[in-house]
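Colleague: Here is what each chain is made of, one letter per residue.
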Amino acid sequence: MMNYFPDEVLEHVFDFVTSHRDRNAVSLVCKLWYRVERYSRQRVFIGNCYAISPERLIARFPGVKSLTLKGKPHFADFNLVPQDWGGYVQPWIEALARSRIGLEELRLKRMVVSDESLDVLSRSFTNFKSLVLVSCEGFTTDGLAAIAANCRFLRELDLQENEIEEKKNHWLGCFPDSCTSLVSLNFACLKEINLAALERLVARNPNLKSLKLNRAVPLEALQRILMRAPQLVDLGTGSFVLDRDSDDSETYRKLRTTILKCRSIRNLSGFLEVAPHCLPAIYPICVNLTYLNLSYAAGIHGSELIKLIRLCGKLQRLWILDCIGDKGLEIVASTCKDLQELRVFPSDPFGAGHDAVTETGLVAISSGCPKLNSLLYFCQQMTNAALIAVAKNCPNFIRFRLCILDPTKPDPVTMQPLDEGFGAIVQSSKRLRRLSLSGLLTDRVFLYIGMYAEQLEMLSIAFAGESDKGMLYVLNGCKKLRKLEIRDSPFGDMALLRDVGKYETMRSLWMSSCDVTLGGCKTLAKKMPRLNVEIINENDQMEFAPEDSQKVEKMYLYRTLVGPRKDAPEFVWTLV
Amino acid sequence: MGITSEQHSSASSIDSSCNPSAAAGTSSSSFCAPIQSNNSTRFDLSTDLRLGLSISSSYYNDLFPTPTTTTREQPLSWPPIRSILRSAHLDKALDQKQAFLFIKIYMEGIPIGRKLNLFAQDGYDSLMTTIAHMFPTTILCPGADRVHSDKYHVLTYEDKEGDWMMVGDVPWEMFLNNVKRLKITRADRC
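If you read the sequences in order, they're chains A and B. Each residue of the first sequence is one higher than the last, beginning at 1 in my numbering. Each residue of the second sequence is one higher than the last, beginning at 1001 in my numbering.
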């Protein structure tokens, strides 16, 4: 039927199909749909930059305007992947620049970005509008200066948690006077900034909706900036302290008056340093907040923190440090009835655990906030009874990540493993897509996961399980599994090799400090030519020719259409 | 079938100097030492984890029973939080630019205590001077000869682990990181 419509009609229909997965499905229906879809696709998401080449991207989607690329494996966030492993964006930017692609938006995660890449990017795409860099590294403020100077229609520059070398230049001053199109600017991860340039920039960009400052912006400057931008929806304060020389009460009064005018703020973050007596200035906007991120705000605790939370009745997302304590979480539970996402980070990762949360806080939250669907919880301990209660109170989890700081700790009340607790979670939350486990766990938890976690896409395992059976339960049972990352667990070749075809249905598998051997990995690589099976060797001791029976310290495998990568460093071996 | 790389890797241990966040991670390992004494029921595994050693496979442990320098230098991989968040909180603990660290200070025999901003002090000398203005007694300076007498007082503090210690034994920065509250105690009690 659809064959009788002109392509434009099909294209118009496809315009309504926006999610990547749906568009991918559309392209598989027939050759006609594949053709129409590919010419009309504007947004492309590539979850692993080594799964495909830029040339093939450009060939298939000549109309692409927005590209998302991810590089290093997730465990790189926790220092498990060495420097220089890879994930370079340079070849992508070069290829896109050579082609006639009208790139407007580039979003990168865990990639290595150089100043040269940023420079080429800034000069090659006249309509470039949006650059989002998350957990990237390899560039300096010189690269940012190029973006500021050359991207005439820039709307968004969002730098989230990158490692950026800061030079003495004033990159922010490189935005020309004609730059008035900014909607979103986030430089919270930088240490320095040119305050005068910042204030001028804010003054001439009336469409600014999202502004996240860094610790170099003191309260006086924040007040002046907010005066210029009362329309902000999304604010990251820098420091929330006054310069020593300033007149406290005068500044405070001005700040309070200014903030009263900022009625649109819905998302609040920052507080990288805090003078607690200034906090009441933000009380008036708390009532409207839907997202509050205090994960860097170690200076807000105790009664000030509680006072703040009590005012935030409309919160949907809360990111907090564990110094809030179980009692503080009880207050969250009674105040934030619309809470959907909670992240509790450890404030003292190496500490003796005085300021921390336990199962009590989590149960309170689950009781008071039945809409909870996304959780990241670092805690001192957890019990099966608590997890079972949480599972009952909150059957809507999409993401459930629990990290017990002592990773093999059993239920402290019963001394049992936490299999039953996690089993309850996967059984009750039928839409669970992401799960991270911790605590003492046997193979049994994986039996439950394989049986019940039908929608599970990403699973993170650390110090868990007893035998290959555990890993097999997961590989056999979780049909939608895309990313599996395992560390320090007793899974070996038997589990790895049982169903080699499974890995082509997944994006990637990471196994470190497990029992897989070099021989097992070689066997897998030989059977599956469309996987890259990479071994990371950092030990000095590997100078001699390794034996097949030797256990592999770190293995990362991923499906790919373009064979072994050519940029692997000497410590990464791609097995063939 | 074999390995595509020409050379077998010889090096590439994680060099903490080339990764600023890793440097923050490794320097923090000095904070791990006190924890070992904290909880005597902690398993060895936990200690290793707290020290940031990733648990090697047993094969390597058999061949190389003592931890290699490579392993020691590796930045921390547990708990699984990003380096930026980890080092932000370490900086927080030591950052003297933060304006306030108010702690309570009591003197033995006086039920009402005072509050003192430790970040407003430059060091132990400044602390002693400030306290001298707040309380009606002579406090023996840290390092002075111990005098057992009820006429004099000494300054003690409660640390993170709940123990009462003499003020002045450790470097000022370390003291700031550990102090929970202060107490002026009679010299004959120490």
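Careful, some of the hints might be misleading.
No more than 20 Å apart at the CA atoms, straight line, and that leaves these computed lysine to aspartate or glutamate pairs for EDC-like [to be verified]:
| hint | chain 1 | residue 1 | chain 2 | residue 2 |
| --- | --- | --- | --- | --- |
| 1 | A | LYS31 | A | GLU11 |
| 2 | B | LYS1115 | A | GLU11 |
| 3 | A | LYS522 | A | GLU504 |
| 4 | B | LYS1104 | A | GLU304 |
| 5 | A | LYS109 | A | ASP77 |
| 6 | B | LYS1180 | A | ASP77 |
| 7 | A | LYS65 | A | GLU104 |
| 8 | A | LYS480 | A | GLU454 |
| 9 | A | LYS480 | A | GLU466 |
Keep in mind that the hints were calculated from the coordinates and are not lab data.
Colleague: None of the hints should be skipped; say for each whether it holds.
Modeller: Hints versus structure:
For the proposed pair A/LYS31 and A/GLU11, the alpha carbon gap of about 14 Å is at most 20 Å, so the pair holds. Between B/LYS1115 and A/GLU11 the alpha-carbon distance is near 70 Å, which puts this suggested pair outside the 20 Å criterion. Taking the CA atoms of A/LYS522 and A/GLU504, the gap is about 16 Å. The hint holds against a cut of 20 Å. A C-alpha spacing of about 17 Å is found between B/LYS1104 and A/GLU304, which places the hinted pair at or below 20 Å, so the restraint holds.
Taken as a hint, the A/LYS109 and A/ASP77 pair is honoured in the structure, with Cα atoms around 11 Å apart against an allowance of 20 Å. This hinted pair does not check out: B/LYS1180 and A/ASP77 have alpha carbons roughly 33 Å apart, beyond 20 Å. For a cut-off of 20 Å, the pair hint linking A/LYS65 to A/GLU104 stands: about 5 Å separates their Cα positions. Distance hint between A/LYS480 and A/GLU454 is fulfilled; the C-alpha atoms sit about 7 Å from each other, no more than 20 Å.
For the hint pairing A/LYS480 with A/GLU466, the CA-to-CA distance comes to about 24 Å; that exceeds 20 Å, so the pair is violated.
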